[in-house]
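Chains as they are written, first to last, in my numbering: chain A, 1 to 109; chain B, 1 to 384.
No lab work stands behind these hints, which were simulated from the structure alone. Just so you know, not all the hints are guaranteed correct.
Unchecked claim - Simulated pairs of lysine to any residue, SDA-like, Cα-Cα distance not exceeding 20 Å:
(1) A:Lys40 <-> B:Glu191
(2) B:Lys53 <-> A:Ala78
(3) B:Lys192 <-> B:Arg205
Stated by the list, open to error - Just a few of them, taken from the derived set where beta-carbon distance is under 7 Å, the chain A residues facing chain B:
(4) Ile30
(5) Leu77
(6) Ala78
(7) Gly99
(8) Gly100
We treat Cβ as the ideally placed atom computed from N, Cα and C, and that holds for glycine.
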Amino acid sequence: MGGADSKPKKKVPGAGPGSGRDCPTRFTTIVTGPAEGITKGAWLDVRIDRSSGQPRVVLIDEVTNATVGSLAGVPNLAILIRCLEDGVTYRAIVDHVDGGRIDITVLQG
Amino acid sequence: MLIAGGVYTETCVTPARVTLLGSGGRAALALLELRDDIELHTFHPSPLEQDVKLNFEPLGVSVTVHAAPCHYSFEYLHPLARPRIVPLPNQDVVLVSVEANEVLRFGCLEGDFRVTAKRAVYDPQSSTRPVAFGDNGSTAERLALVLNVGEICRLAGEDDVAVAAMSMMRRNRATAIVVKDGPFGAYVFEEKEPSPRYVPAYPTRSVYKIGSGDVFSATFAHAWLPGAVSAADAADLASRRTADYVESPAFPLPHVATRRIAASLGPSRRRVLLVSARTATSSRWLQEEAAKGLEDLGTTVIREEISPGQRGSHAATEGEFDVVLILLSDINSAVAETRAALTHGKSVVAFADDPAILGAIQMLDVIAEDDLCSALYRTQWIST
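Use the sequences and the hints to build the structure in full.
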């Protein structure tokens, strides 16, 4: 995920957004609106929350089942959302915690 | 508040970051904790419109995307490096009119916003080809400009910042002008004020420079546009919140800016002795990047290269510099080189991205940094 997208990617038949073939497999990002208490090494579920109308990608602590943040300012977020809607699963691991900045790696599967 | 600005992909190699923010997107996120009426107008290719909306609308930002032919990426090697812009910007830009009581306008690559506002803040966002606010027909009853030293000198065609600011104030009919000067703070020129007010920078333990100007402009606009706060006080709040951002570049920013001690402004720009090994290409590259970054911060750089077998030899003499920056890359010689740097009797900042080197020098009286941008800024803020 990420990188330069100066134009829409070429479509391969049967490989539209969310079909699995162009779903991101791994990317790093920073958590938006992180809850307190997130620790390095924690695993987070990546899910879609539609409670406010617009789909929002949220991060759920796998132990407490609490929402601990969301993703924003991330390239190709629309593709990630389509992938999640199509059943592709993602988890994130917390790489680094520095005050209010939480670095995570999001992984498919 | 209406924010008119670009949303771009920004990549940084070290520290590794990939974001979809740009000035407009970052300004919107910077104000999340301060207000709930943020309206973002930006440009993007129609097929990618949803990508912008899905990133910002769930956070309460109202987004209007104006169609543009391409999406731009800014690629940085490190936060003080000059970015590579992909693709090369086109000269034919889209002109879009926006109207609101309060507007924050940024200069954009793919288009231009013609603003009609009661109160506006304009950040031209270009050190090479800045454009004046009214050049595209924009109007505002009260206008503040936020620029850095390079931008205002180019726009005004003057080398003296105070002369340039007065010239720009007249030409733009601006009420206030904020001239940012990196780690040294900012100068605020206000209508009816005989002399500019200095607003300090607030030193932080780390510096992620990409987007710092966006956060500054957004916070300044939030505080100044309603009219109850002077431009100088608004700039001081902006400087404090920018410090919060560069230290921890994640959103939302704290509702109340962290208490910090202001940087003291010395009588003249610092002279930094840049010490590095004369060995591999990577060391030479790092030396060049560090020198370029320091010069961009307004510093005079004196170089000292350490040849193999000549650890600790000093080319410069006492009193010729204020601070030592040493770039360390060899675990076997790091301690000896750092001790030699300390013999100058000056404050020393050491950069190494190898944790083993940082561990080896931790007992020495130096500021050790594993981030290049932070190390360069620390040379400007460290006590001398």
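Comparing the hints with the structure gives:
1. A:Lys40 <-> B:Glu191: violated, 51 Å
2. B:Lys53 <-> A:Ala78: holds, 9 Å
3. B:Lys192 <-> B:Arg205: Violated, at roughly 37 Å.
4. Ile30: holds, 5 Å
5. Leu77: The hint holds - Leu77 of chain A has a Cβ within 7 Å of chain B, the shortest such distance being about 5 Å.
6. Ala78: Because about 4 Å separates Ala78 of chain A from the closest Cβ in chain B, which is inside the 7 Å limit, the hint holds.
7. Gly99: holds, 5 Å
8. Gly100: holds, 5 Å
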